[in-house]
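Trainee: Residue numbers (UniProt numbering), protein chains in the order written: chain A, 1 to 246; chain B, 1 to 246; chain C, 1 to 246; chain D, 1 to 246; chain E, 1 to 246; chain F, 1 to 246.
Each hint should be verified, as a subset may be incorrect.
Identical copies carry no separate label here, and so any pair may be met within one copy or between two of them.
Think about it this way: if two alpha-carbon atoms lie no more than 25 Å apart in a straight line, the pair counts; the simulated DMTMM-like pairs of lysine to aspartate or glutamate are [to be verified]:
#1 K27 with D80
#2 K27 with D39
#3 K154 with E110
#4 K111 with E210
#5 K87 with E54
#6 K27 with E54
#7 K27 with D175
The hints are simulated quantities; they were obtained by calculation from the structure and are not laboratory data.
Protein chains: 6
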Amino acid sequence: MSSSVSRPSGRRHDQLREVRITRQYTKHAEGSVLIEFGDTKVICTASISERVPEFLRDRGQGWLTAEYGMLPRATHTRSDREAARGKQTGRTQEIQRLIGRALRAVFDLEKLGSRTLHIDCDVIQADGGTRTASITGAFVAAHDAVERLLSSGKIQESPITDFVAAISVGMHEGDALLDLDYAEDSQCDTDMNVVMTGSGGLVEVQGTAEGEPFSRDEMDGLLDLAQNGIHELIRMQRKALERLYS
Amino acid sequence: MSSSVSRPSGRRHDQLREVRITRQYTKHAEGSVLIEFGDTKVICTASISERVPEFLRDRGQGWLTAEYGMLPRATHTRSDREAARGKQTGRTQEIQRLIGRALRAVFDLEKLGSRTLHIDCDVIQADGGTRTASITGAFVAAHDAVERLLSSGKIQESPITDFVAAISVGMHEGDALLDLDYAEDSQCDTDMNVVMTGSGGLVEVQGTAEGEPFSRDEMDGLLDLAQNGIHELIRMQRKALERLYS
Amino acid sequence: MSSSVSRPSGRRHDQLREVRITRQYTKHAEGSVLIEFGDTKVICTASISERVPEFLRDRGQGWLTAEYGMLPRATHTRSDREAARGKQTGRTQEIQRLIGRALRAVFDLEKLGSRTLHIDCDVIQADGGTRTASITGAFVAAHDAVERLLSSGKIQESPITDFVAAISVGMHEGDALLDLDYAEDSQCDTDMNVVMTGSGGLVEVQGTAEGEPFSRDEMDGLLDLAQNGIHELIRMQRKALERLYS
Amino acid sequence: MSSSVSRPSGRRHDQLREVRITRQYTKHAEGSVLIEFGDTKVICTASISERVPEFLRDRGQGWLTAEYGMLPRATHTRSDREAARGKQTGRTQEIQRLIGRALRAVFDLEKLGSRTLHIDCDVIQADGGTRTASITGAFVAAHDAVERLLSSGKIQESPITDFVAAISVGMHEGDALLDLDYAEDSQCDTDMNVVMTGSGGLVEVQGTAEGEPFSRDEMDGLLDLAQNGIHELIRMQRKALERLYS
Amino acid sequence: MSSSVSRPSGRRHDQLREVRITRQYTKHAEGSVLIEFGDTKVICTASISERVPEFLRDRGQGWLTAEYGMLPRATHTRSDREAARGKQTGRTQEIQRLIGRALRAVFDLEKLGSRTLHIDCDVIQADGGTRTASITGAFVAAHDAVERLLSSGKIQESPITDFVAAISVGMHEGDALLDLDYAEDSQCDTDMNVVMTGSGGLVEVQGTAEGEPFSRDEMDGLLDLAQNGIHELIRMQRKALERLYS
Amino acid sequence: MSSSVSRPSGRRHDQLREVRITRQYTKHAEGSVLIEFGDTKVICTASISERVPEFLRDRGQGWLTAEYGMLPRATHTRSDREAARGKQTGRTQEIQRLIGRALRAVFDLEKLGSRTLHIDCDVIQADGGTRTASITGAFVAAHDAVERLLSSGKIQESPITDFVAAISVGMHEGDALLDLDYAEDSQCDTDMNVVMTGSGGLVEVQGTAEGEPFSRDEMDGLLDLAQNGIHELIRMQRKALERLYS
């Protein structure tokens with residue numbers, strides 16, 4: 001793992017893009033965050049509804065679910081609008097399922113009470129890493145929505161058990177790179193998305209060989225890189241959550 | 001029509017909300033504008049594709065089409081995501097058809113050449129007037145996309161024949177109000193959307209009695225108000241388009 | 001506005017096509033009307049169901065909703081069957097929303113009681129003006145359905161507060177024309193649909209520039225023409241409703 | 001098989017309802033027929049398109065296909081509009097496949113040339129037997145469309161090889177009944193639809209036990225009845241086709 | 001009807017393919033059968049759910065419904081997966097409606113109690129006759145599911161009133177053939193599916209002329225053949241049901 | 001990682017279920033395999049079509065794509081049929097995308113020539129691990145289809161570059177378990193699916209914490225277990241492919 005690797009963006013191999021977390025980005029949602037990983041920009045909202053899905057009726061617990069979308073021209077060339085096509089792509093469904101699982105990993109759904117937290121992650125500009133930015137931003141939005149429940153007295157105790165954030169890593173010509181942007185993502189042999197909690201537990205590891213298969217050693221290098229990146233992201237989440245309440 | 005009417009926002013009856021037009025809001029689209037009418041915020045992009053729809057094949061002219069969407073939590077309470085439901089609502093289709101007609105009214109599609117301009121208007125925060133903000137912002141985005149075609153030499157002459165903008169007006173307890181926000185919109189007896197060109201020609205007038213029917217006199221008052229509002233919006237479009245090229 | 005304009009049909013500029021209203025056209029519906037505006041023929045039925053949509057549950061009021069369709073070969077060339085394509089076009093949705101709003105403008109939904117009036121307008125032959133014929137015929141069908149409710153004692157007082165009818169007008173080479181047929185409609189610069197009540201209140205005005213934008217003066221001329229046409233249509237509705245009960 | 005059976009309509013057991021065939025019912029279609037079997041009323045149109053479906057491309061033969069629909073309030077209680085539900089029911093698909101097969105049985109598709117005949121059968125009032133009325137009327141509409149092709153010189157020889165018509169028969173408390181209306185249809189133990197050519201060949205026999213299974217003897221009685229009914233229907237088709245051309 | 005006809009498979013004209021019925025083919029379903037008609041192989045399962053559809057709510061009776069599918073490569077060339085296309089073909093719907101009607105003909109739905117029996121017939125290899133094999137196998141699966149209800153005490157009396165099975169017959173160059181395989185099916189002029197009960201009652205007869213229409217005599221010959229075939233199939237069902245319980 | 005763990009099935013913690021690979025399971029597909037991982041049974045077919053999707057047109061390379069489905073009663077309780085619901089679930093789409101990526105990792109698509117290999121994996125009985133059984137069986141089916149292309153001379157060189165197989169592993173109360181069955185899967189804290197090539201390269205690693213997050217150490221233990229399991233599966237693939245050709 002060389003530190004002398006040259007990246008299109010001039011970043012070090014273990015360097016995140018500039019990350020910005022803007023809370024209260026839109027006014028209606030109980031939690032609303034604009035998260036930016038460099039040129040990737042995602043609006044994450046958390047909405048509370050006082051109902052649970054059918055399969056949880058009368059179970060005395062809540063639910064958290066996530067949806068994901070991209071504006072048609074968030075990308076280099078315009079993609080079809082999913083609402084106009086009449087269905088979500090497999091990629092979209094895969095990502096929104098991932099976001100939901102990641103957030104539920106740090107939620108005690110019984111403490112949430114009999115209500116649903118709807119996470120919406122909408123990409124307004126894409127430059128790689130939209131799913132990891134979504135998870136990282138959605139946590140902050142969910143946290144704000146929970147604060148709202150606490151301050152209004154609807155719940156007494158926070159259902160949030162830990163922080164959670166996500167980052168992508170990839171192998172490019174033998175180098176492990178942190179937080180791939182679009183240019184890198186399309187050239188990497190291996191692309192891995194890692195979701196981790198504040199206390200360092202792994203929630204999700206999804207590694208895919210786009211070209212050559214990868215070795216256990218490479219995988220270890222990627223996971224080391226990801227862990228450091230996630231620690232840094234969680235520091236930023238913490239900082240973002242301090243502001244405004246201090 | 002009294003000027004002493006009191007509006008929730010404190011605006012005069014003939015006063016627009018604060019309007020902001022931010023060009024180059026996202027980086028991929030040929031034209032990309034964030035337009036704000038007070039708390040209503042819409043991302044308008046214009047994307048060029050070098051194809052025309054089937055019904056125009058080999059006609060030697062271009063096409064302009066528009067799509068509209070709202071983020072699920074752009075509104076007070078979360079709405080279902082249209083992509084997840086698998087279809088667009090009637091309201092969405094009505095609005096996107098209106099945006100397309102409004103823009104085509106100031107486009108000479110033969111001068112556009114055999115290509116399509118895709119307008120996407122995505123509401124990230126809604127507070128009334130999303131369709132009029134969409135039209136007003138989409139014109140600026142379309143203008144930027146046309147500049148791109150001109151500067152790259154793909155076309156020699158601009159297909160844009162005039163400015164176009166839109167505003168809503170409404171009757172509320174006998175008063176005609178300009179640029180309704182959500183609180184006003186839901187209380188008005190009559191709601192009218194007006195689309196007008198820079199030279200003052202009417203492109204679209206859609207007046208609807210939500211409660212009591214309206215008289216010809218009331219309609220005249222509303223149209224006067226709308227005309228003034230649109231003149232002002234077009235001054236802002238002009239100003240926004242000057243910036244950056246001066 | 002010259003009266004010397006020559007129309008393909010030989011009509012005067014302010015002359016309606018021959019209008020025929022046939023009540024009890026089909027036997028099952030509570031109200032069933034065949035309305036003909038010249039060669040445009042629409043079957044309008046009004047069906048009563050003793051339920052209300054979810055959003056009105058337990059509100060003690062009724063609902064009126066409308067659907068619109070065209071037989072595939074109602075038009076010059078066959079169109080795809082919407083049921084086979086699996087979705088309604090934007091145009092269809094726009095029209096059925098308009099019909100619903102127009103009828104609700106003359107309905108006191110609380111007096112309707114906790115039930116729904118379903119309006120179905122199905123075009124069996126199209127020659128321009130299908131939406132205005134639909135509204136005009138649907139009113140008569142709805143009236144018959146209400147009579148059924150009154151005579152069966154389900155309601156004591158009619159929820160109908162006024163008559164309502166609709167007509168199209170258009171600008172063609174400087175002339176304002178009443179009740180456009182297909183040949184005229186496709187050549188007009190401006191096309192306007194007007195919905196008005198028996199007492200002369202405007203319910204809906206939808207003017208669209210197909211070619212050149214229109215001026216306020218032209219709009220005034222069109223509205224004058226439309227008002228006269230609608231007065232005449234309402235006389236016919238009145239007459240049609242007298243027959244059979246006298 | 002007793003002739004003393006009493007039917008709700010007062011018909012003899014072997015008596016058709018009053019059948020009316022109105023040609024040129026609507027003006028745009030190449031063939032357009034209103035067929036009435038008593039209170040069952042179906043608009044059958046035949047539309048010519050100068051294309052063939054993909055699977056027949058470059059095969060030098062034509063195609064005939066059929067679609068079927070019912071107006072929502074053609075029936076006693078309103079059914080959902082298939083276009084609004086977004087899909088056709090299994091019943092609709094079954095019927096339209098049957099109509100297509102029945103008509104194709106008397107068409108020489110090579111003589112039709114490389115074009116498609118679209119049959120549309122739309123029920124405006126239903127009282128049992130909509131599929132058999134549809135087939136019987138569609139044949140006349142198809143015949144008119146073929147005349148149009150012949151008279152315009154597009155084809156030299158008629159692709160129609162025989163007449164075709166259809167009727168329903170049923171067993172009711174031991175009696176075989178011809179041409180069931182809705183009241184009878186819902187009480188019959190066995191319901192059979194028979195499609196037959198002018199020369200007496202069977203094209204389709206679909207017998208279904210709704211209640212008790214049926215015997216071979218009963219089946220024979222039903223087929224005898226159906227054959228006589230179809231002979232009569234074909235006489236009426238012949239007569240309808242004479243009119244107007246004499 | 002000659003017995004000297006030569007069939008591709010070498011079978012006599014009145015000979016079934018080898019039929020195999022394997023009970024308890026998969027482990028979860030209350031009834032699960034693999035039925036083979038020669039190379040046609042269908043998995044038939046019967047699943048009990050303790051609910052009834054909306055239209056039967058509170059009627060004190062049960063329901064039986066069937067669904068049918070084919071693996072994409074059950075056929076000579078791969079067909080599109082219906083789940084991926086987003087809808088079932090007309091053929092699929094026709095077949096599953098047929099299976100449901102056939103089974104319901106031998107079920108006393110009141111004795112089933114307020115529950116639903118879901119029949120699923122999934123073709124894993126197709127060589128003609130998939131619908132008749134489905135019905136024949138589904139009966140055995142349904143029987144096993146009913147046994148489960150009886151042995152668990154949920155019902156005291158079997159709702160099954162008779163056996164039911166189905167077979168196809170066809171006319172090929174003047175010969176009547178029993179149990180058509182795919183090669184024969186595609187060459188036959190007439191194709192008929194017959195559903196019959198153990199006591200010899202006809203439940204469904206569906207005869208279709210693919211090429212030339214058929215005569216009453218031919219129809220009689222086909223029915224004779226079918227009846228013998230079904231007797232044989234019912235003997236096999238009986239035998240299959242004996243095994244395992246003896 | 002204790003070897004003394006007790007599993008519901010009595011297996012050792014590092015023991016696969018009994019695996020059976022049956023080639024030529026159905027007769028039409030170019031490759032057709034029934035793979036069984038204990039009670040999990042999946043039919044995997046490989047179908048060759050001489051076309052490529054639009055996005056690869058004229059690129060001189062082939063494509064491999066996969067679809068996945070489950071019979072409605074493959075599971076403990078019946079699930080809705082996706083074809084009847086009109087769409088595939090997110091889970092289905094996720095799995096079929098995974099199968100496609102896994103197979104493409106060992107395919108040189110240029111050597112495949114301008115054709116598509118369609119993989120269909122249909123679960124006829126589910127007991128955990130359906131996606132890993134699918135990948136493992138699909139490889140064998142794909143191999144057989146490639147043999148067909150080679151033996152018919154359509155390609156000269158095999159596009160297959162390596163073996164590929166997949167297995168699930170999971171953490172259950174501190175123990176790492178190989179090849180989870182349904183009972184185990186629903187109790188595990190962590191569930192990981194691993195796809196690996198014959199030469200030991202990792203193609204896909206998907207680890208998910210269902211309950212508690214997992215540590216790097218646990219992940220290492222799971223990967224060790226998976227690697228051994230996959231080596232064993234690949235030995236079985238090898239053996240299955242030897243049979244029949246020796």
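Trainee: Decide, hint by hint, whether the structure agrees.
Mentor: Hint check:
{"no.": "1", "hint": "K27 with D80", "result": "between (28 Å within a copy, 18 Å between copies)"}
{"no.": "2", "hint": "K27 with D39", "result": "both (23 Å within a copy, 8 Å between copies)"}
{"no.": "3", "hint": "K154 with E110", "result": "within (13 Å within a copy, 36 Å between copies)"}
{"no.": "4", "hint": "K111 with E210", "result": "between (41 Å within a copy, 18 Å between copies)"}
{"no.": "5", "hint": "K87 with E54", "result": "both (23 Å within a copy, 20 Å between copies)"}
{"no.": "6", "hint": "K27 with E54", "result": "neither (29 Å within a copy, 28 Å between copies)"}
{"no.": "7", "hint": "K27 with D175", "result": "neither (43 Å within a copy, 29 Å between copies)"}
Consistency note: the structure conflicts with the earlier hints numbered 6 and 7.
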